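Protein sequences appear in the order of chains H and D.
So for the first sequence, the numbering used here puts the first residue at 1260; every next one is plus one.
So for the second sequence, the numbering used here puts the first residue at 133; every next one is plus one.
These are calculated hints, taken from the structure and not from any lab test.
Please read all numbers here as calculations on a predicted model, not as lab measurements.
Do not rely on the hints blindly, as some may be mistaken.
[Unchecked claim] One side of the interface only, derived from the structure: several residues of chain H facing chain D at Cβ under 7 Å:
#	residue
1	L1297
2	K1424
3	K1425
4	F1427
5	T1429
6	S1441
7	G1442
8	L1443
Here a beta-carbon is modelled for each residue, glycine too, at the ideal position from N, C-alpha and C.
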Amino acid sequence: MNPLRRRLLRAAMGACALAAWPARASASLTFGTTPVILDEQVEFLESWRRYLEVRLRRPVRMLQRGSYREILVMLAEAKLDCAWLCGYPYVRMKDRLELLAVPLYRGQPLYRSYLIVPADDGRTRTIVDLRGKVFAFSDPDSNSGWLTPQVELKRAGVDGSRFFKKSFFTWSHRRVIEACASGLAQGGAVDGYIWDTLARQHPELTGGTRVAWRSPEYGFPPIVARRGIAGTAELRRALLEMARTPPGRDLLERLNLDGFAAGETGLYDGIETNWRYLRG
Amino acid sequence: MLGNLSYRHKTPLAMSLVIVVATVVVSAALVWQGFRQAHAAFTHHAQELGKVLARTLRPAILHDDVWQAFEILVTPLERAADRSHDGSRVLVLLDARGQVFASSDPRRFGVLDDFARAAGDPGLSAALTGQRGGGQLVLAPGDGRYLYVLTPVLAEDGAVLGRLVQRYDRDLLGPRLTQVATGTLFAGLAALLLLLPLGWLAGKRLAEPLSHLAECLTRVGREPVDDIRCEFPHGRDEIGQLAERFQGMLGELRNKHALEQHLAQSDRLAAIGRLSAGIAHEINNPLGGMLNAISNFRRRGGADAQAEKTLALIERGLKQIRDTVSALLVEARLESRALSPDDLDDVRTLIAADAQKKQLGLRWRVEVVEPLPLPSAQVRQILLNLLLNAVHASPERGEVGTHIGVAGGRLRIEVGNAGPEIPERRRQHLFEPYFGEGEVHGLGLWVTYQLVGQLSGRIDVHSLPGYTRFTIELPLETGNAD
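With the hints as constraints, model all of the structure from the sequences given.
Now the structure itself:
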């Protein structure tokens, strides 16, 4: 190796080290959020981000994307450290994800999927009553907004792809409610926690819909981290402690949650069973 | 009814009517124009919105994203008033087969509904199937209640992916129409408020001379012509011409009236003259005889004192009768002596004593310097009579003016006094023999008139309150001929 080449190589390596330095020095935590919560509230996310930064003593970046899929891809590509996901993608990617915390809703780490219909529809009792209607799903990677109704249809022995006259995705639970309230869809599948929270915060919106059917309880959308990244213990602790600090309680109040629990994988067995049932 | 109405009212009324009608017509035209503009602006706006939306909707229809399409369709109607589900504004995206892909009012136009059937507009169905290619279409089929704007949603390569339908209820233009109408109404009212009084005034001014003329005309025949005094604005317009003619007519009437009066007076005076002359002759003949008889009787000297006293009494009485009769007769005394300035001075001397008694000022202006071919006795008599009358009529310490001059071959005598106006009734019979109560005799003017008549002259009187003037004109040649 001639001296010139060695020098060039050293310079190149130095440049690489320099380029890598700011990233290592900031060591920020990237946190992806999905429409499992009412994630269109920028101010809330900013408050939560600051709260976590103080607790973790490191920069935190909140990332929002239009669909679950984009967040999942970013997790898979290691562009995200952790995310608040639905239980459905979690069970599919369980081997690569670490369960950090499960929110406690009404004291339980559980929620339901709701079948909602426009308020003027007083007859519909189950999804089977909506044959030939227009149906709104929230997201193809949502347990409550897609997997649950699909499983229900399959259990009823109908072909989910032809059962409705038309079905579409709104990419958020809130918009499923809007679609049903406006009459665009005659039925929709929605996260029960979202519906309940909106019923508390925006009753005029949920007032246009009626909950026709409630699913059995499933594990609440968890906060997960990529396996093998550092600092997950601190994040878990910060989340679990939220219910014990006044600012944390404030934030939880705005989320309409009671706190976070450590949770366990078994919570999501029901979802996994459904997934396998639908697939198989 | 209208024919009986005065032009004083008819013209302003007509003016006002024209103003009102004009204002109404102009206002209606403005409202119509404003409404058409509002309609055009509305349509234009809808078309622009359609173009923008059609472009925005392309990915939604391409990716079969009903929700995205719905959100795009709802966005322009975000305002609460627009979103009221009265169906006044509806945006519908149709797929390539004409079925509803998404609409801003899903309850009316549900997903995959047949749009034409849902709209309930049979005319629309034909228009939808008729539309081919990439052009935008504005329609108002059926009863025209709704305005439709159809905009094709095109793929990059120009293929028709679907169609955006904007449906607007025409009632949406109602408020705009009301707004335009209200604005125009207020402007029109303001114009009326300004123009009506002006029009009324102009009409009144136009009709005023006409009605004044009519009023004057109706007075002719009802009132004495001399009392009718009418003023008209000058001008050569029709009313001006009429007024001029009318004034001419009034003048003629006045002249005719004066002439008639004059003629009647002359006739009367002539008749009186003939009568009195006849009577005088009839009296004078026996009177002369009686006086001669008395004279002869005396000459014979046979009368005693008592008889003489009686005779003297009779003689004085007869002489008084003769004097009176001769005064009435005004005989032409054919004296050839020409009138000299001294004659006029004599008269002045004669009247001076009478004037002195009433402390009158006597203004005397005589522009006669040489003898004139006029009989001096008659002229003296005339002048004396006039002056006596003037002194008599004049108030204490008044003034009597005399002006005698020659002009145009005539001797002109003017005698004026400051006495009261001669009453109209008296003036009609001014020159007739007059025997009023308390007056010695009223023959002065009668005699004067007769004398002037004999000299072919003319006598005029001009009497106002506080000033009365007699004017005599005597032709010099005729005086010679006599």
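Against the structure, the hints come out as follows:
For L1297 of chain H, the interface hint is violated, since its Cβ never comes within 7 Å of a Cβ in chain D; the closest pair sits about 17 Å apart. A cut of 7 Å between beta carbons decides the hint on K1424 of chain H: the least distance to chain D is about 6 Å, and the hint holds. Annotation: K1425 of chain H was flagged as interfacial toward chain D, and the flag holds, the nearest CB pair being 5 Å apart, inside 7 Å. A cut of 7 Å between beta carbons decides the hint on F1427 of chain H: the least distance to chain D is about 4 Å, and the hint holds.
Contact between T1429 of chain H and chain D, as hinted, is supported at the beta carbon level, the nearest pair being about 4 Å apart and thus within 7 Å. Because the smallest distance between the Cβ of S1441 of chain H and any Cβ of chain D comes to about 6 Å, under 7 Å, the interface hint for this residue holds. Checking G1442 of chain H against chain D by beta carbon gives a least distance of about 4 Å; that is within 7 Å, so the hint holds. The beta carbon of L1443 of chain H comes within 4 Å of a beta carbon in chain D, closer than 7 Å, and the hint placing it at the interface holds.
Hint 1 from the list above is the single one not met by this structure.
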